[in-house]
Amino acid sequence: MSDLEEAVRALEERVRELEDTLAISRLVATYGPAVDSGADDVAADLWTEAGVYDLGHRSMDGAAAVAEMVRGDGHQQLIHNGAAHMLGPALVHVDGDRAVATCYSNVFRYVDGGFETWRTAANRWDLERTAEGWRATRRTTRLLDGNDESRELLRRAVTPD
Amino acid sequence: MSDLEEAVRALEERVRELEDTLAISRLVATYGPAVDSGADDVAADLWTEAGVYDLGHRSMDGAAAVAEMVRGDGHQQLIHNGAAHMLGPALVHVDGDRAVATCYSNVFRYVDGGFETWRTAANRWDLERTAEGWRATRRTTRLLDGNDESRELLRRAVTPD
Amino acid sequence: MSDLEEAVRALEERVRELEDTLAISRLVATYGPAVDSGADDVAADLWTEAGVYDLGHRSMDGAAAVAEMVRGDGHQQLIHNGAAHMLGPALVHVDGDRAVATCYSNVFRYVDGGFETWRTAANRWDLERTAEGWRATRRTTRLLDGNDESRELLRRAVTPD
Numbered sequence: 000m001s002d003l004e005e006a007v008r009a010l011e012e013r014v015r016e017l018e019d020t021l022a023i024s025r026l027v028a029t030y031g032p033a034v035d036s037g038a039d040d041v042a043a044d045l046w047t048e049a050g051v052y053d054l055g056h057r058s059m060d061g062a063a064a065v066a067e068m069v070r071g072d073g074h075q076q077l078i079h080n081g082a083a084h085m086l087g088p089a090l091v092h093v094d095g096d097r098a099v100a101t102c103y104s105n106v107f108r109y110v111d112g113g114f115e116t117w118r119t120a121a122n123r124w125d126l127e128r129t130a131e132g133w134r135a136t137r138r139t140t141r142l143l144d145g146n147d148e149s150r151e152l153l154r155r156a157v158t159p160d
Numbered sequence: 000m001s002d003l004e005e006a007v008r009a010l011e012e013r014v015r016e017l018e019d020t021l022a023i024s025r026l027v028a029t030y031g032p033a034v035d036s037g038a039d040d041v042a043a044d045l046w047t048e049a050g051v052y053d054l055g056h057r058s059m060d061g062a063a064a065v066a067e068m069v070r071g072d073g074h075q076q077l078i079h080n081g082a083a084h085m086l087g088p089a090l091v092h093v094d095g096d097r098a099v100a101t102c103y104s105n106v107f108r109y110v111d112g113g114f115e116t117w118r119t120a121a122n123r124w125d126l127e128r129t130a131e132g133w134r135a136t137r138r139t140t141r142l143l144d145g146n147d148e149s150r151e152l153l154r155r156a157v158t159p160d
Numbered sequence: 000m001s002d003l004e005e006a007v008r009a010l011e012e013r014v015r016e017l018e019d020t021l022a023i024s025r026l027v028a029t030y031g032p033a034v035d036s037g038a039d040d041v042a043a044d045l046w047t048e049a050g051v052y053d054l055g056h057r058s059m060d061g062a063a064a065v066a067e068m069v070r071g072d073g074h075q076q077l078i079h080n081g082a083a084h085m086l087g088p089a090l091v092h093v094d095g096d097r098a099v100a101t102c103y104s105n106v107f108r109y110v111d112g113g114f115e116t117w118r119t120a121a122n123r124w125d126l127e128r129t130a131e132g133w134r135a136t137r138r139t140t141r142l143l144d145g146n147d148e149s150r151e152l153l154r155r156a157v158t159p160d
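For the record, the sequence lines run as chains A, B and C.
Here the first sequence is numbered in our numbering, starting from 0 and rising by one per residue.
Here the second sequence is numbered in our numbering, starting from 0 and rising by one per residue.
Here the third sequence is numbered in our numbering, starting from 0 and rising by one per residue.
If you are wondering where the hints come from, they were derived from the structure by calculation, not from laboratory data.
Just so it is clear, the structure is predicted and the values come from calculations on it, not from any experiment.
Treat each hint with caution, since some may be false.
Facing chain C, a subset of chain B residues (Cβ under 7 Å, in silico) [claimed, not checked]: (1) Leu10; (2) Gly71; (3) Leu77; (4) His79; (5) Met85; (6) Phe107; (7) Phe114; (8) Asp125.
What follows is a set of in silico ranges between Cβ atoms, one per label pair, in the way DEER data are often shown [what the hints assert, rightly or not]: (9) C:Arg155 to B:Ala63: 18 to 26 Å; (10) B:Glu18 to A:Asn80: 49 to 57 Å; (11) A:Glu131 to B:Gly71: 42 to 50 Å.
Ideal Cβ positions, reconstructed from N, Cα and C, are used throughout, including at glycine.
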């Protein structure tokens with residue numbers, strides 16, 4: 000392989016890494032608009048079919064369970080009263096066909112004519128590359144209310160295993 | 000065209016897509032620092048000359064109207080009392096020389112010695128590529144207070160037209 | 000140099016700029032998870048050894064002082080009660096081996112069974128490229144409580160020097 004061919008192959012690898020990072024950031028940024036607009040199928044499609052959304056006190060097992068949550072009375076009431084599921088910038092680590100994205104999240108609610116911070120949490124997205132693009136195999140969310148698991152989740156994002 | 004030439008052309012297209020996404024994210028991230036520092040010209044220059052900032056109850060028609068808003072008494076009082084127009088990560092879709100970026104926004108205010116969430120909203124930026132770079136032709140902002148338009152705005156970001 | 004070689008060199012430069020922007024965004028996005036999990040060494044390593052964290056009313060001079068802050072009683076009590084240091088999307092300007100990243104930050108606290116916005120601030124990260132990657136030489140943080148310095152910090156992010 001010529002020097003120029005090698006340079007092009009190296010560039011292709013670097014561009015793919017950038018594309019992976021942006022694709023995963025896009026996935027994370029899709030969650031809020033999907034659930035706040037009631038797009039249950041879009042929200043579910045962020046996960047693999049067997050993907051898990053683990054909230055600690057509750058777990059949704061499978062993408063269909065995520066869609067069901069979005070269609071549920073509790074969530075529908077929340078978004079019709081006014082709510083924003085805001086996820087912050089994702090800290091993305093890609094390792095081949097696996098990736099981890101860590102971000103904060105806030106749920107703001109419209110209550111009594113004003114907005115309040117209802118929930119503040121730490122989130123870890125475990126992802127895999129599929130034929131249809133990146134999908135979450137597990138999203139782990141822990142309220143930042145002082146519990147040990149929330150700090151452990153954040154620590155894993157910034158320290159090697 | 001040789002295989003290597005084709006590979007380079009394909010890379011150029013992919014890099015341009017990445018650059019477009021980051022340029023649009025940068026535009027969205029410029030709004031807050033511009034208006035919170037009173038940089039009326041910088042804020043106005045995010046829009047095309049005829050660009051619209053549509054808040055529902057109010058509309059600014061033309062970039063000059065955005066600059067006027069920034070210089071206005073209401074906005075000046077807000078930022079001198081302490082305010083943060085925080086826009087979240089943008090979900091960007093580029094289609095040639097047009098693009099849409101969707102993001103949440105919060106305005107935090109400093110009141111009585113503490114910070115409060117004054118407004119939480121959904122935002123859609125319709126953009127076009129100009130000779131000077133990406134500019135907004137319209138920004139549509141709707142409070143997330145339960146109104147139908149806010150959910151429709153978010154739904155359009157995640158479902159095909 | 001052939002046309003194709005020139006095209007590859009130009010691409011390499013563009014890809015490096017994209018990588019720099021994402022690397023700096025990653026650095027900024029690491030601060031919150033580092034300090035909220037008590038990873039004092041990770042937080043300190045975002046700065047050069049002589050790097051400064053300037054909060055206005057207080058300054059940490061040197062990366063070791065940042066680590067010390069994280070280990071301190073005040074910070075430990077904060078994160079064990081429940082806290083989120085959320086930094087927004089960074090507006091990054093790279094100039095060779097120097098860069099500036101500007102972002103908003105919020106600290107949310109868990110108090111009396113709910114979450115409150117404790118601090119809302121403007122942040123400027125002055126960075127340099129080192130042999131180990133990008134590091135902060137100075138982070139300047141000013142509360143958005145109406146003080147002039149906070150607006151000046153934001154203005155510098157969007158207007159040329």
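Where does the structure disagree with the numbered hints, that is, which hint numbers, in rising order? Violated: hints 2, 3, 8, 10.
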